[in-house]
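**Student:** These protein sequence lines map, in sequence, to chains Y and U. Heads up: the first sequence begins at 1 in the numbering used here, then just goes up one per residue. Heads up: the second sequence begins at 1001 in the numbering used here, then just goes up one per residue.
Since the hints were made in silico from the structure, they are not lab data. For each residue, glycine too, the CB sits at the ideal point set by N, CA and C. One should not assume that every hint holds.
[Claimed, not checked] So the derived label-pair ranges between C-beta atoms look like this: (1) U:Leu1059 x Y:Ile155: 36 to 42 Å; (2) Y:Met126 x U:Ala1027: 52 to 58 Å; (3) U:Met1028 x Y:Met126: 52 to 58 Å; (4) U:Thr1055 x Y:Thr104: 21 to 27 Å; (5) Y:Thr163 x U:Leu1033: 54 to 60 Å; (6) U:Arg1029 x Y:Val36: 38 to 44 Å; (7) U:Leu1045 x Y:Pro102: 34 to 40 Å; (8) Y:Arg12 x U:Asp1004: 21 to 27 Å; (9) Y:Ala29 x U:Leu1045: 17 to 23 Å; (10) Y:Ile42 x U:Leu1045: 27 to 33 Å.
[Stated by the list, open to error] Residues on chain U that point at chain Y, a partial pick, calculated with CB under 7 Å: (11) Arg1061; (12) Gly1062; (13) Thr1063; (14) Val1064; (15) Gly1065.
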Amino acid sequence: MSDTHPEMHERRILHTELLWAFGVGIFVAAALGTIVFTALSISVNPPCNVERLDPKTLHLSGEFAEQNLGTTVGGDGSVTVRAIATQFMFAPRCIAVPAKRPVTLRFASPDVIHGLLITGTNVNTMVVPGFVAQVHTQFTRTGDLLMPCHEYCGIGHSEMWATVQVLPDDQFKPGPDGRVSCAQR
Amino acid sequence: MPSDEISAADSAFETMDSIDETALADAMRVVPLGAAILAGSMVALLVLGYLLIYTLVFLPRGTVG
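Next comes chain Y alone, as it looks inside the complex (with noise of 0.2 Å):
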């Protein structure tokens, strides 16, 4: 009797631990899954664009090229915007984007390492210099939201923010060279 007693409790707390285990284990399939499907299905990742480019001569020409920032839309109807971070300011100021259609941003430094969120929303990146970043989202509620810089980039880090003017459909209206500005309030 004494021997069996001991040899029940250690059975049960096993039982008990690989119960627990499973269930667990359970969970962690079930959040690694739904991880590996977004990423797959929807394509929802963390930003991993590493596409590289001088930051010394951007400005000058090429896609950065101060004529080419700000939002355009694509022959096909794509919209991308391109913009800088650089010290202490983006540019352009203020960013117009449509409600509801993929958006492609892309932005580079010409100077430091910069950081962006735009609040509301699930853009967040990092900006480094040499390299451009690049996110894809769709806004999903109009109105002005906040781009902040988040990644202290020197004395003026505090002012360093933009506007992003999520347009609906009739005020998101391109020109004929397929550019759209913030709507003047």
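Assemble chain U onto chain Y, guided by the hints.
**Tutor:** Frame of chain Y, contents of chain U only:
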């Protein structure tokens, strides 16, 4: 534990112990269950919190990639 070792539970000094076997058996029946309920409910709350934030905060803010 190897069968040739003497367990402390088999010691003659056990008869001087104030805990009796019945009470011990009762405790060993309810304690694992209690631990499982406590740990399980705490983890369930964490999982619920994770799912609520994912569905009510992250997803409404739009896909990102």
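**Student:** Taking the hints in turn, state whether each one holds.
**Tutor:** Checked hints:
1. U:Leu1059 x Y:Ile155: 36 to 42 Å: holds, 38 Å
2. Y:Met126 x U:Ala1027: 52 to 58 Å: At 55 Å between Cβs, range holds.
3. U:Met1028 x Y:Met126: 52 to 58 Å: Taking Cβ atoms as reference, U:Met1028 and Y:Met126 lie about 54 Å apart, which means the hint holds.
4. U:Thr1055 x Y:Thr104: 21 to 27 Å: Holds, at about 26 Å.
5. Y:Thr163 x U:Leu1033: 54 to 60 Å: Given range 54 to 60 Å: holds, Cβ gap about 57 Å.
6. U:Arg1029 x Y:Val36: 38 to 44 Å: Given range 38 to 44 Å: holds, Cβ gap about 41 Å.
7. U:Leu1045 x Y:Pro102: 34 to 40 Å: Check passed, 36 Å falls within 34 to 40 Å.
8. Y:Arg12 x U:Asp1004: 21 to 27 Å: Once the Cβ atoms are compared, 25 Å apart, the range 21 to 27 Å for U:Asp1004 and Y:Arg12 holds.
9. Y:Ala29 x U:Leu1045: 17 to 23 Å: holds, 20 Å
10. Y:Ile42 x U:Leu1045: 27 to 33 Å: holds, 29 Å
11. Arg1061: Holds, about 5 Å.
12. Gly1062: Holds, about 5 Å.
13. Thr1063: holds, 5 Å
14. Val1064: Since the shortest Cβ distance to chain Y is 4 Å, the answer is holds.
15. Gly1065: Holds, because the Cβ-Cβ distance from U:Gly1065 to chain Y comes to roughly 4 Å (cut-off 7 Å).
In summary, this structure violates none of the numbered hints.
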